[in-house]
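Participant: Spelled out, the chains give:
Protein chains: 2
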Amino acid sequence: MLDRIIRVDMKNLNIAEEKIGHDYKQLAGRVLSSRLIYDEVLPYADPLGPHNKLIVTCGLLAGTTISCANRLSIGAKSPLTGGIKESNAGGIAAFKMGRLGVRAIILEGIREDNTWYILVVQKDKVFLQEASHLKDKGITEKAQVIYQEYGPRAGLILIGPAGEKRLLTAGIAINDADGVPGRFCGRGGLGAVMGAKHLLGIVLDDTGCRLEEPVVQELYKEKVKELHQNILTHPQTAEIFPKYGTAAMMEITNALGGLPTRNFFTGRFEAADKLNGAALYNTIRSRGGEGKTTHACMPGCIVRCSNIFADEKGSKIVSPLEYETICLLGSNLEIDDLDTVAQLNYLCNDYGVDTIEIGCAIGVAMEAGIIPFGDKGAVLNLMQEVVKDTYLGRIIASGSVIAGKVLGIRRVPAVKGQGMAAYEPRAIKGTAVTYITSAMGADHTAGNVARANIKHHLKDGQVVASRNAQIGVTILDALGFCMMVGPALKGRSILVELINARYGWDLTTEDLEKIARDNLSLERAFNEKAGFTKVHDRLPEHFYEEENPATGTVFDITEEDLAEMVF
Amino acid sequence: MLDRIIRVDMKNLNIAEEKIGHDYKQLAGRVLSSRLIYDEVLPYADPLGPHNKLIVTCGLLAGTTISCANRLSIGAKSPLTGGIKESNAGGIAAFKMGRLGVRAIILEGIREDNTWYILVVQKDKVFLQEASHLKDKGITEKAQVIYQEYGPRAGLILIGPAGEKRLLTAGIAINDADGVPGRFCGRGGLGAVMGAKHLLGIVLDDTGCRLEEPVVQELYKEKVKELHQNILTHPQTAEIFPKYGTAAMMEITNALGGLPTRNFFTGRFEAADKLNGAALYNTIRSRGGEGKTTHACMPGCIVRCSNIFADEKGSKIVSPLEYETICLLGSNLEIDDLDTVAQLNYLCNDYGVDTIEIGCAIGVAMEAGIIPFGDKGAVLNLMQEVVKDTYLGRIIASGSVIAGKVLGIRRVPAVKGQGMAAYEPRAIKGTAVTYITSAMGADHTAGNVARANIKHHLKDGQVVASRNAQIGVTILDALGFCMMVGPALKGRSILVELINARYGWDLTTEDLEKIARDNLSLERAFNEKAGFTKVHDRLPEHFYEEENPATGTVFDITEEDLAEMVF
Numbered sequence: 005m006l007d008r009i010i011r012v013d014m015k016n017l018n019i020a021e022e023k024i025g026h027d028y029k030q031l032a033g034r035v036l037s038s039r040l041i042y043d044e045v046l047p048y049a050d051p052l053g054p055h056n057k058l059i060v061t062c063g064l065l066a067g068t069t070i071s072c073a074n075r076l077s078i079g080a081k082s083p084l085t086g087g088i089k090e091s092n093a094g095g096i097a098a099f100k101m102g103r104l105g106v107r108a109i110i111l112e113g114i115r116e117d118n119t120w121y122i123l124v125v126q127k128d129k130v131f132l133q134e135a136s137h138l139k140d141k142g143i144t145e146k147a148q149v150i151y152q153e154y155g156p157r158a159g160l161i162l163i164g165p166a167g168e169k170r171l172l173t174a175g176i177a178i179n180d181a182d183g184v185p186g187r188f189c190g191r192g193g194l195g196a197v198m199g200a201k202h203l204l205g206i207v208l209d210d211t212g213c214r215l216e217e218p219v220v221q222e223l224y225k226e227k228v229k230e231l232h233q234n235i236l237t238h239p240q241t242a243e244i245f246p247k248y249g250t251a252a253m254m255e256i257t258n259a260l261g262g263l264p265t266r267n268f269f270t271g272r273f274e275a276a277d278k279l280n281g282a283a284l285y286n287t288i289r290s291r292g293g294e295g296k297t298t299h300a301c302m303p304g305c306i307v308r309c310s311n312i313f314a315d316e317k318g319s320k321i322v323s324p325l326e327y328e329t330i331c332l333l334g335s336n337l338e339i340d341d342l343d344t345v346a347q348l349n350y351l352c353n354d355y356g357v358d359t360i361e362i363g364c365a366i367g368v369a370m371e372a373g374i375i376p377f378g379d380k381g382a383v384l385n386l387m388q389e390v391v392k393d394t395y396l397g398r399i400i401a402s403g404s405v406i407a408g409k410v411l412g413i414r415r416v417p418a419v420k421g422q423g424m425a426a427y428e429p430r431a432i433k434g435t436a437v438t439y440i441t442s443a444m445g446a447d448h449t450a451g452n453v454a455r456a457n458i459k460h461h462l463k464d465g466q467v468v469a470s471r472n473a474q475i476g477v478t479i480l481d482a483l484g485f486c487m488m489v490g491p492a493l494k495g496r497s498i499l500v501e502l503i504n505a506r507y508g509w510d511l512t513t514e515d516l517e518k519i520a521r522d523n524l525s526l527e528r529a530f531n532e533k534a535g536f537t538k539v540h541d542r543l544p545e546h547f548y549e550e551e552n553p554a555t556g557t558v559f560d561i562t563e564e565d566l567a568e569m570v571f
Numbered sequence: 005m006l007d008r009i010i011r012v013d014m015k016n017l018n019i020a021e022e023k024i025g026h027d028y029k030q031l032a033g034r035v036l037s038s039r040l041i042y043d044e045v046l047p048y049a050d051p052l053g054p055h056n057k058l059i060v061t062c063g064l065l066a067g068t069t070i071s072c073a074n075r076l077s078i079g080a081k082s083p084l085t086g087g088i089k090e091s092n093a094g095g096i097a098a099f100k101m102g103r104l105g106v107r108a109i110i111l112e113g114i115r116e117d118n119t120w121y122i123l124v125v126q127k128d129k130v131f132l133q134e135a136s137h138l139k140d141k142g143i144t145e146k147a148q149v150i151y152q153e154y155g156p157r158a159g160l161i162l163i164g165p166a167g168e169k170r171l172l173t174a175g176i177a178i179n180d181a182d183g184v185p186g187r188f189c190g191r192g193g194l195g196a197v198m199g200a201k202h203l204l205g206i207v208l209d210d211t212g213c214r215l216e217e218p219v220v221q222e223l224y225k226e227k228v229k230e231l232h233q234n235i236l237t238h239p240q241t242a243e244i245f246p247k248y249g250t251a252a253m254m255e256i257t258n259a260l261g262g263l264p265t266r267n268f269f270t271g272r273f274e275a276a277d278k279l280n281g282a283a284l285y286n287t288i289r290s291r292g293g294e295g296k297t298t299h300a301c302m303p304g305c306i307v308r309c310s311n312i313f314a315d316e317k318g319s320k321i322v323s324p325l326e327y328e329t330i331c332l333l334g335s336n337l338e339i340d341d342l343d344t345v346a347q348l349n350y351l352c353n354d355y356g357v358d359t360i361e362i363g364c365a366i367g368v369a370m371e372a373g374i375i376p377f378g379d380k381g382a383v384l385n386l387m388q389e390v391v392k393d394t395y396l397g398r399i400i401a402s403g404s405v406i407a408g409k410v411l412g413i414r415r416v417p418a419v420k421g422q423g424m425a426a427y428e429p430r431a432i433k434g435t436a437v438t439y440i441t442s443a444m445g446a447d448h449t450a451g452n453v454a455r456a457n458i459k460h461h462l463k464d465g466q467v468v469a470s471r472n473a474q475i476g477v478t479i480l481d482a483l484g485f486c487m488m489v490g491p492a493l494k495g496r497s498i499l500v501e502l503i504n505a506r507y508g509w510d511l512t513t514e515d516l517e518k519i520a521r522d523n524l525s526l527e528r529a530f531n532e533k534a535g536f537t538k539v540h541d542r543l544p545e546h547f548y549e550e551e552n553p554a555t556g557t558v559f560d561i562t563e564e565d566l567a568e569m570v571f
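Chains A and B, in that order, give the protein sequences.
Sequential numbering of the first sequence, starting at 5, is according to this note's numbering.
Sequential numbering of the second sequence, starting at 5, is according to this note's numbering.
Taking beta-carbon pairs under 7 Å as the criterion, some of the chain A residues facing chain B (in silico):
1) 169
2) 396
3) 406
4) 414
5) 540
Derived DSBU-like pairs: lysine-lysine, alpha-carbon spacing no greater than 30 Å straight-line:
6) B/139 with B/15
7) A/538 with B/538
8) A/533 with B/538
9) B/380 with A/392
10) A/463 with B/533
11) A/533 with B/533
12) A/518 with A/459
13) B/463 with A/533
14) B/533 with A/538
15) A/380 with B/392
16) A/392 with B/392
Over 12 Å on every C-beta distance to chain A, these chain B residues come out as not near it, computed from the model:
17) 16
18) 23
19) 42
20) 225
21) 229
22) 286
23) 341
24) 515
25) 551
26) 557
What the hints contain is simulated information worked out from the structure, not anything from laboratory work.
Ideal Cβ placement from N, Cα and C applies to all residues, glycine included.
Next up, chain A with everything else stripped away, as it sits in the complex (with noise of 0.2 Å):
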């Protein structure tokens, strides 16, 4: 069951399909993408060269309609950090990988001609197809032009005009089950990698595809009831999520002083209501139209977290509008509004850049005086020059760290390379041990502990924090399980029991939880032999030295406090 690996060498547009090794049984999403790139990928190899492998797989239950359980894993080693890189998606293409029975996509080597293609993976064909006519265009174009040769209810993997050109914001984009191309594994500049080896998109096209049946059935059936009750009756997947989306963290993370603004000066945004989980649901409900407070972005999603923003006039803007968006191109950028934000995350969905990263270089030009803080008008302009693909367009599509050497600014907000996500550090300080010791750099979904009882603001207990969040959200990954959905599962037996009764395992939460440590333990491995050292765990300078004007707060966790972190 889900046990097909297809390889796809795009040097030589040789396609191969195995079985998936006896290894890696047990292995999927994060964990298998991670260890695949351990064992196949050299250590040095240039992100972008012949020796980097993207790899595309699911979690152990895609294919499946359990609620949260259908996000897509991407991996390679990454071009923006130069590590082991995974991100994940929502959207429709991990449920088709399950039911084509596919656990990954192997993506080798490079062109350097001038074609391009798509990997079309069908029940009983898997084939490149050549689609030089795709390059260039938008990522909505793209799409609608597959859905027509491919129906519209096609799995899509896409990439837009960046990763075409290798920028290092580039990200993959995943469509959504009402054909929008808005889910994005956006971290890392995986999309630049994709690029590099000549791929616009893969078309996962599931028809004549039938689910196999779960071995132990009778269990499976209660196990997914109580998983769907656990996530109706928990008050944050049940009433909060529904109605405010992620947006709701905003609240929470500008009470403590530790949402983004201005370039990660401070932490309190004075007009955060204006953008917040109310602010967002009001906006949509008045103005009706095509908007939705509420949306599944996976099949069978019960949380449906997601939303679709509208105009004035009620047509749509972008969907979804999410949490890390509205801060890092809202509060970060002192925008305090909305539709503007929803206009940016547009074209960067469009385009295929990734809105946390873009939102940190814009940071980093506005601290440099390229444009003004809160300055709506400018905003869009910087964008358009990103989308238009002009020269400083190309810096700030590089990247917060190069954005910041290219315009002199030493106010990066970035570890190992990475923009961070929006909480900040010096408040949130345990979301920052995992900015700084995740191999995966500064990614909140590497490990959040924005929702942790502690207090953020102390450095006690943190680092043991960020590691249990780490090693739970690397569970999570592994199922293809939505990190949302945490704090509703009641512990971890039930995913055991799913997997458990799914594949007829008989694994242990013990089991689960080592799959997880020796994942990460083997991402830092990955990363040390490709360079990195204790020197790269570590904020910019200036995290340390100047205070968070909202908490009064530096950073203040150390070397020693970090040797807590094994796996």
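Got chain A; can you put chain B on it based on the hints?
Facilitator: Chain B only, in chain A's frame:
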């Protein structure tokens, strides 16, 4: 003697003076700057932040009229490489420092306000003078303004607009005896470190100074005479260099297939005879006017390998025009015209950027198709974009590695973030071993093997040859000697005898070698603490896999081979 250490705190505008400490008594030039960086700079300090220090130091023979012995060393943690860096140059500054008795100037802290300064060092007075009016001026104009106040004989150490903007290609200029600020501590972005400190220049005014007599006068005189005799009788320093200058190297490298051409694609340039030593000599000679085929860059130099290059009307374009520049801004860009190279060189000098790094970055931009290889007008226009500080200009002025990332090019000729000098690494493998193993990044001045009696295309003996070259040049760097004079020394004993006679020491050549070897180990140890590993001791991937068409060779020296590189 030569025992003053001046410490300048640019944050608080404080100046303190001390005598050189006992442990540093026999250290000068690169070995002093590296030791001070090792001892005083946090390895993980942001190079452009408050914890980096810029060390300006002269060699042990500074202030004398010994030929070739007045080079100035400047060191810091490099913003370009992230590692320890020293870059040295001729001109008159080290001579003035020697006469002032100043072994080192240590510049600490940064300023983030709008005030800019020059540091003035006089016999009895050292002070900071506000000089914000000099900001944004080219180096030529800055020098002219300072000469008006401090006289035409002042020694000058200056940054241009590039350093003020903290651009990673920014170098530091030194004036020559004609008042031309055309000698460059070019490599590693040290000008940006000075710019971050808001120090525009250092004025060395030795009015009233008398050089202390050497301790053992007779021996000293005898040894100086012997050295000069050696120089005047060795064919390289007596005939080739005075006539052709460093450009004499081009015939050698081109014959070896080691002359970087078209972004280091190949190692042989079909039009090398329009750029080489003979072409340079004949052009200058035939034009007459202000041009000079031979010219001393340092007081007392009897080699006079420098030159003044004039245009067809006999008006000076630039001084000097040297091999590295002629290659990186010539053959590397497929430019076969000395006038174009000279104009580019002048623009680089006045703006204050490293011609090597700019040449590498423009080569990358040409590979990206921004302008065509070989287009003289286009390359001059592109250089104008640098000087006018357009966004494209900023991308170029951020160096080859960043240009490659922003422009989506993976064939970037750089190691540890720094562009390669004018020795193609698959053809001249010993110098390439220096590129990859030196703490300085891809820098020929860290140990050039191009003149060694070795089969340059083979891997045999290259590691040992590079090791010996690295030790040899470090000794010269400690004394302030020009590396061009190495072959004429006839062994190292004369160097030891000269410093023993000057200082009354009793060092042996073994002692001197130990100082050099210890320094090389210490530089690597700093880099290790700064986060470098053996993974960083590699060339870019394509040099291992794609042949240099001129030689049919790839770079094939392995990590195992490098085990011999122990100091």
